[in-house]
Amino acid sequence: MAERMLVQGNEAVGWGAVSAGCLYFFGYPITPQNEIPEWFARELPKRGGVFVQSESETGSINMLMGGASTGVRCMTSTSSPGWGLMQEGISSISAAELPCVVVLVQRGGPGGGSIRHSQMDYMAVTRGGGGGGYKNIVLAPASVQEVHDLMQLAFYLADKYLNQVVVLSDGIIGQIAELMEVKTIDFGPLPEKDWAVRSIGRQKDGKRRMISHGKGVIAGPPYFTYIAYLDHLKEKYQQMADAEVRYESYQTDDAKLILVAYGYVARVSKEAVNMARDQGLKVGLIRPITLWPFPYQQIREKAQLGCNFLVAEDSMGLLVEDVRIGVEGKAEVNLLDISARHMPTDGGMILPGRVLQEIRRVL
Amino acid sequence: MNKSIVKEKAWGWPAACLDLPVWGIYCPGCQHPTVARLIAEVTDELGVGDRVILVMGVGCHAFAGFGLNFDTISSCHGRAPDLATAVKRIYPDTIVFNLQGDGDCIAIGAGPFIAALTRGEMITVIMLNNNNYGTTGGQLAPTTLMGQRTSTSPEGRIAGREGFPAHVAELAAGFKGTAYSARGALNTIANYQRTKRYIKTAFKKQIDNVGFSFVEVLSACPANWHLTPLESLKWIEEKVIPEFPLGEFRNVDRIE
Numbered sequence: 001m002a003e004r005m006l007v008q009g010n011e012a013v014g015w016g017a018v019s020a021g022c023l024y025f026f027g028y029p030i031t032p033q034n035e036i037p038e039w040f041a042r043e044l045p046k047r048g049g050v051f052v053q054s055e056s057e058t059g060s061i062n063m064l065m066g067g068a069s070t071g072v073r074c075m076t077s078t079s080s081p082g083w084g085l086m087q088e089g090i091s092s093i094s095a096a097e098l099p100c101v102v103v104l105v106q107r108g109g110p111g112g113g114s115i116r117h118s119q120m121d122y123m124a125v126t127r128g129g130g131g132g133g134y135k136n137i138v139l140a141p142a143s144v145q146e147v148h149d150l151m152q153l154a155f156y157l158a159d160k161y162l163n164q165v166v167v168l169s170d171g172i173i174g175q176i177a178e179l180m181e182v183k184t185i186d187f188g189p190l191p192e193k194d195w196a197v198r199s200i201g202r203q204k205d206g207k208r209r210m211i212s213h214g215k216g217v218i219a220g221p222p223y224f225t226y227i228a229y230l231d232h233l234k235e236k237y238q239q240m241a242d243a244e245v246r247y248e249s250y251q252t253d254d255a256k257l258i259l260v261a262y263g264y265v266a267r268v269s270k271e272a273v274n275m276a277r278d279q280g281l282k283v284g285l286i287r288p289i290t291l292w293p294f295p296y297q298q299i300r301e302k303a304q305l306g307c308n309f310l311v312a313e314d315s316m317g318l319l320v321e322d323v324r325i326g327v328e329g330k331a332e333v334n335l336l337d338i339s340a341r342h343m344p345t346d347g348g349m350i351l352p353g354r355v356l357q358e359i360r361r362v363l
Numbered sequence: 001m002n003k004s005i006v007k008e009k010a011w012g013w014p015a016a017c018l019d020l021p022v023w024g025i026y027c028p029g030c031q032h033p034t035v036a037r038l039i040a041e042v043t044d045e046l047g048v049g050d051r052v053i054l055v056m057g058v059g060c061h062a063f064a065g066f067g068l069n070f071d072t073i074s075s076c077h078g079r080a081p082d083l084a085t086a087v088k089r090i091y092p093d094t095i096v097f098n099l100q101g102d103g104d105c106i107a108i109g110a111g112p113f114i115a116a117l118t119r120g121e122m123i124t125v126i127m128l129n130n131n132n133y134g135t136t137g138g139q140l141a142p143t144t145l146m147g148q149r150t151s152t153s154p155e156g157r158i159a160g161r162e163g164f165p166a167h168v169a170e171l172a173a174g175f176k177g178t179a180y181s182a183r184g185a186l187n188t189i190a191n192y193q194r195t196k197r198y199i200k201t202a203f204k205k206q207i208d209n210v211g212f213s214f215v216e217v218l219s220a221c222p223a224n225w226h227l228t229p230l231e232s233l234k235w236i237e238e239k240v241i242p243e244f245p246l247g248e249f250r251n252v253d254r255i256e
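These protein sequence lines map, in sequence, to chains A and B.
In this text, residue positions in the first sequence follow our numbering: the first is 1, and each later residue adds one.
In this text, residue positions in the second sequence follow our numbering: the first is 1, and each later residue adds one.
Keep in mind the hints are simulated off the structure, nothing from the lab.
Just so we're clear, the structure is a prediction, and the values are computed from it rather than from any experiment.
We treat Cβ as the ideally placed atom computed from N, Cα and C, and that holds for glycine.
Hints may contain errors.
In silico DSS-like links for lysine-lysine, alpha-carbon gap of 30 Å or less [claimed, not checked]:
(1) B/Lys200 / A/Lys207
(2) B/Lys9 / A/Lys204
(3) B/Lys9 / A/Lys207
(4) A/Lys207 / B/Lys204
(5) B/Lys176 / A/Lys46
(6) A/Lys207 / A/Lys236
Partner residues aside, some chain A positions facing chain B, computed with beta carbon under 7 Å [claimed, not checked]:
(7) Gly59
(8) Gly66
(9) Glu88
(10) Arg208
Just need the whole structure built from these sequences, with the hints factored in.
Encoded structure:
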């Protein structure tokens, strides 16, 4: 019987990371993700790893850039204001094609906002806040177990594509405690990190390695022009978009109304689907697990079959824009947003009864 | 042929300097490539080139990074101490050094620099101080001299508006985790040799695991100072050194 333990979503980040062989963490305190750096500070030294508390989130992301340059698996975590500070580094990591993982535990915004949960960083994460139009794979767990599992997938995908992967959590997923099984997931072989900086003495061919976030500008292998480098990035992003879409489809086969939700609101929405089904309402749920690449195709297919959509999200309306892109004007897209919280405070939540009420209204 | 003659290399291209066109990028009279050469000579003499990892900042100094035969990472502007911290913590047996400019190190990069000093990171920072932003066309830097005219201080630096020059070698010396902090110049042969000794000592402090080591090098920027190379050397002697005194500000063999 596999070991199961009661842990918080934030702690599951740590368990998942070490299951993936990540032994290096750089981070800065910010609520509601403090359990993550605290877990690594406690657990990494025991495992022969290194925890460094940075001077800021700008520090964290640049330490991560240094760490990822050496070819080891490493990560950082933050919450929404820290995410803003990280953007130059994220753009540069993406430009230099360094594999690493950033966990973002969303809190309320804009600005300093609230230290409680929200889902208000969807666009900032899926579209990228740094310059240059890079793409990062974004994974959105909806349970503690899934945090643990997606952390491992994140490291695998990062190494597979030499790209940064973001795990997008929120204040609820981070703070709830659930039973979790610690297990190492084998995703298959990966190429050797021959490009990594380790000092010339450690390189098998005795030749220098150079990591740059300005590739192709100074001509040199493998990119002799800037456009050749950008063409390579475009091709890689297309490969990720084609191969890495992940989603959960729940009760959608005969559904007339499809709910679309991620993270904690997906858990709430699933419960609302169950309640609606008990009342004989033909309702299903599409839960994107990858927010980029987004399951546009799956949404479009349902729209073409005549389904309408209800997007539930704890923000002023961000995910809804991707659903609108997906349906291409062929279906009605409704939105249940942050105003539907059970209390008008930063502690309010969107609850299943409210989602059910909206289902009944739009059906 | 007399086989008893032993040929010894007396002078030439250091092994760590690559024969690349990057050295020709620099303006006439610029001393950045000279500092790169000194670093290459030092790593050659210490025999540690294959253990070195260089983190470059953003600025003219970064071109030298391309020409030095070390594993290299190019960082975001000012963030080299963050990257170097991670690299050194992951591979403690490597020798990690940053090449940074004065703007890179103490304007945009003041945060990570002070944080690395606070943590007493086992890294070496070589900061080239040319009293202005050379790469972008000669704007005001924290190290610009009083009264010095730049493209963003057209009337000259005034205390009430732009404050006073930042003294980085003295600042670094004030941290307990610092093993070594010095300031050198390259305007005379004597200063050139002294600066080389400073750089060598800084690397040794890291090799011996003593603590953070720092060398500031006063570096001529004739193009943006609007002086000839020769006038620039005189300017350094008469204007720059009086503001930024040369010497070692901290040199300890053990930090407790």
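Okay, the hints, checked on the actual structure:
no. : hint                : in the structure
1   : B/Lys200 / A/Lys207 : holds (24 Å)
2   : B/Lys9 / A/Lys204   : holds (29 Å)
3   : B/Lys9 / A/Lys207   : holds (24 Å)
4   : A/Lys207 / B/Lys204 : holds (24 Å)
5   : B/Lys176 / A/Lys46  : holds (28 Å)
6   : A/Lys207 / A/Lys236 : holds (26 Å)
7   : Gly59               : holds (5 Å)
8   : Gly66               : holds (3 Å)
9   : Glu88               : holds (5 Å)
10  : Arg208              : holds (5 Å)
Going down the numbered hints, you'll see the structure goes against none, and every one checks out.
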